[in-house]
Amino acid sequence: VRRGLGVLVLTGVAAVAAAPAGAVRKPQRKVVTVNDNYYLPAKLTVNKGSTIVWRWPDDAGDVHDVKLGRHPKGAKGFWSEPGAAGYSFTRKLTVPGRYAIVCTLHEEMTMTITVRS
Amino acid sequence: MSLTRIALATVVAALGVAALGVAAPAGAATDYPPPTNPGGAKGKPKGPFKTRYVCEKKQGHGCFRTIQAAVDAAKAGDTVIVPDGTYKEAVRISGAKKRYLKLLGNTETPARVVLQGSNKRQNGVFINGADHVTVKGFEAKNYRANGFFITNATGYTFRNLVATHTGTYGVYAFNTIGGSIIDSAASENNDSGFYIGQTPPQTKPVRSMVRNVSSYANVLGFSGTNMRYVTITKSLFFNNGLGIVPNALDSEKYAPPEHNVITNNEVFWNNFNYFLGAPFTLREGATGDLAYPVGTGILLYGSRDTKVTNNRIFGHYLVGLGMVEALTLKQDDAMDLVGNQFTENSFGVNSMTTGNDTDRNNIDIAYDGNGSDNCISGNTGVQVTIPADQSTFAACPFSGANAFSQDALGQMIAPAVAEDHEAYWVKRTAPHPTVDGFEPLEHYTP
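Chains as they are written, first to last, in my numbering: chain H, 629 to 745; chain U, 68 to 513.
If we strip away everything but chain U, and leave its shape as in the complex, we get (with noise of 0.2 Å):
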């Protein structure tokens, strides 16, 4: 199917409405607080510092019976160390006074250090304005919203977490400058099982680094709504609907995302088709008019210089990598896709089996021509393309506007306007190859 720009406009728009529901009214700027500027005047603290100890079972002197009751009675560079055990906890930390905290439960093997929401408590660990904090060894799951959730913030260790099952999304940074997410991984949550949003831009930027995650069975394996300064490297992303998805949205500030790189990891296999099942609660928006297109690695739907660079993709019935303009966003002028680059990445090619087997993409780049200085080069295996004749793609370096293709734009979003979300789906390669430990998902079943 292919739409003319102004059907496809007048989709997008009345999706667009829809999605958005009743619109709050516009209030004055000045009632509402501007969002708090992460990395506040306080210094690092000069200590001494303590170690507080979260009791273990039958012990009842010298530590505290609960994780909070040990983080409340912290100080800025503190240690809290927690013992093996399940917690039935939401665990907040909270301004300057917890800054450089250190939460410490298993690093070895998080698993054993368990954060339980019992489908009651929202996150499990909760830091707002809170700088420089360390969370490292636990698992949290079955939480209403984030397992591990910072904001207002800068400087943080999120590192040896595994988050499951929660209502939102994995482990969450948002309104934060310079993290770092790393030896983690995030399933079966109903958004994202990683998601950075909304970086305030920066004069001297600070890069986040996201590094040996490992994230499936989630609607997303990255969300990155207005992310910037952000490396995704050396990780897997598999059995997602997306993959990774850096993405322009009106609901955060600072669009567009801008100046990440997604380099070095293996992103395959994201055909999970949730909309049939999924051990979660769909929310409403996504099963939207408007919906994901589920069996896409990597999509940047509005961004400004970002490379992704030397992945192996493979294996999407879909797109393997793909770049779209903002469509719905309202803010024309962070709209286009500007200065991002395609290169040197692998299609088609199964990475994780020892011969290296053939694992098709259906299309493995698509691109519709949007925007200016895009360019797209030195990738192998690349077989089906869209548009067919490439003639969107530039070879970098590029400058200049791009060719734009109508006819592109309408095949790239038709599959999100599809009422069947596998009715573009063509599965090259059928089954995919036997890799140890990883079994496809497409369709779930309890």
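Chain H on its own, in the form it takes in the complex (with noise of 0.2 Å):
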């Protein structure tokens, strides 16, 4: 079974590398955790019109925020509110390029997004 989806697997790779050119790559979500002090993943590619969720922990954690530094033209700037538990912030990345965020409050804290068109 195991080596069946490993063929499977690779056959969807196949699949995706042949895709014609031009072809619309399907937008997704995905999920950022905001930790003491890093976000995971650290890096990010998404595809055009992906929505990223950054989500604090449930229980306890120091005060964080998403910022917004260098973007794509045409890409509009945002800034979340610091929180430290039990939130979370959405935002919707249409423009391909690449996006660095930063936590304002901990500035080693950065990640990076990369939105293919």
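Keep in mind that the hints were calculated from the coordinates and are not lab data.
Just so we're clear, the structure is a prediction, and the values are computed from it rather than from any experiment.
Using N, Cα and C, we set each Cβ at its ideal position, and we do this for glycine too.
Nothing false has been slipped in among the hints.
Below, a list of computed lysine-lysine pairs in the DSS-like style, where the Cα atoms sit at most 25 Å apart:
1. Lys-720/H - Lys-704/H
2. Lys-695/H - Lys-320/U
3. Lys-658/H - Lys-695/H
4. Lys-654/H - Lys-704/H
5. Lys-187/U - Lys-695/H
6. Lys-111/U - Lys-142/U
7. Lys-704/H - Lys-164/U
8. Lys-397/U - Lys-320/U
9. Lys-374/U - Lys-271/U
10. Lys-164/U - Lys-109/U
11. Lys-164/U - Lys-695/H
12. Lys-658/H - Lys-187/U
13. Lys-169/U - Lys-124/U
14. Lys-320/U - Lys-671/H
15. Lys-701/H - Lys-671/H
16. Lys-671/H - Lys-397/U
17. Lys-169/U - Lys-155/U
18. Lys-720/H - Lys-654/H
19. Lys-720/H - Lys-658/H
20. Lys-169/U - Lys-113/U
21. Lys-113/U - Lys-142/U
22. Lys-169/U - Lys-142/U
23. Lys-109/U - Lys-695/H
24. Lys-654/H - Lys-676/H
Computed Cβ-Cβ distance ranges for the label pairs, DEER-style:
25. Val-659/H - Thr-118/U: 36 to 46 Å
26. Asp-686/H - Ala-178/U: 20 to 30 Å
27. Lys-301/U - Arg-683/H: 41 to 51 Å
In silico contact screen, one side only, chain H against chain U (beta carbon under 10 Å); selected entries:
28. Trp-684
29. Gly-697
30. Thr-740
Build the complex from these two chains, which are given one at a time in their own frames, with help from the hints.
Right, dumping it as structure tokens:
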């Protein structure tokens, strides 16, 4: 069964790779957890139009926020409320390019998102 | 237990990595905005100013249903009056258009104007980029993040505030210049009751004032990561895990803390071992391998030019007053202690009793001799010290390298890495003398 799955996955990968140029990739929904003091994942690649959900832990944590730094031309800036726990912040990324995210309260806490066209 | 410096460095380095968890990737500096410069170009508004009223019960005309609606309608320099009541809101005051705003509750009895977080809202009042805002006369409780939080601003006034049972900080100022926190109280916060962090260095420093505050039953009574130009005075810090802790950390900019003054405070009974139970949820950081040394009155964890003078420090089971280099700091040039002074403090005498009863600390003063220009003199009641022979203590004034003691460093770090947070406690005065209206908190029982 495991081997069969591997073949299936490989087949799928091949199918994606072989997709005709200009084919529309479906928007995704990705969750980023906001931890002390790091985002997870710290690098993310998504399709155009994807929704990113930053999710703070349910129990307890330090205060963090999500602010957009350098971003593609035409993308709108965003900056979440500072939260510690039981909070989430959602943004839809519609402009392809690279988005740099930082916690303004902890300068080492950064992440990047690449939005494919 | 005495650790060699190499062994200690190894331990600390290992603990530091563990505490940081997954490291964020290094990104190009230009990708991320630098901290906002507090104090924008906008000047004092000219008016005319209006007073906006939040509705009292059954009142329906000429007033606003919520505090946020009144704030949203207010222009720079306006006043928002909030009557007694409970408000299930997270109030946000943002941008230069709200500068000089006054948000006023009940200054005589703040507990009558309650901001209720209901354990789901993040911040009771959050101010971002609005200079010279005044908030007076509120109690914020049960917020997941902070009770009162200001950032990227200058000249704030927080007065007559009560912050209790928040997820992180009771009253919090980050990346601010020249504010005041006065006549306020904070309790049962799972980090610090009061916190001033990441103060930008200034060529013409504007000092901040913390005066007549009461902080108790928190993990820390007062925390100051990379805090500078702050005076803490005429205040009570008691029944916290630790009382007052200026500290140098990499997680915020502008290390180390410097040019702070801690004077004329009562710092006592900070022996709250929250590890064994607390009225709040402990954060992962508080339960990590490198723990705050519970049972400490005042601890400088890396500092420059900080004066700790004329405080009454008593009844601590670990250390009354100590300073140690910021061992976990990656920024080497900000790690060492430089130019700090411990002078004219009283130890082991309970100043809260009419008879000034004996109420000893386990260790009165601890200092390993790291750094330069640090001095200790004129203190009274000092009986037990680290090191015992006070070989690291230079009398004030002093300039030059201090006499480092590896053994003293080992003694100071040992409680922070011990599994049993009471392993190094000694209760030299037990029970504490009775103080009307105050009950010692060591172990929390619901």
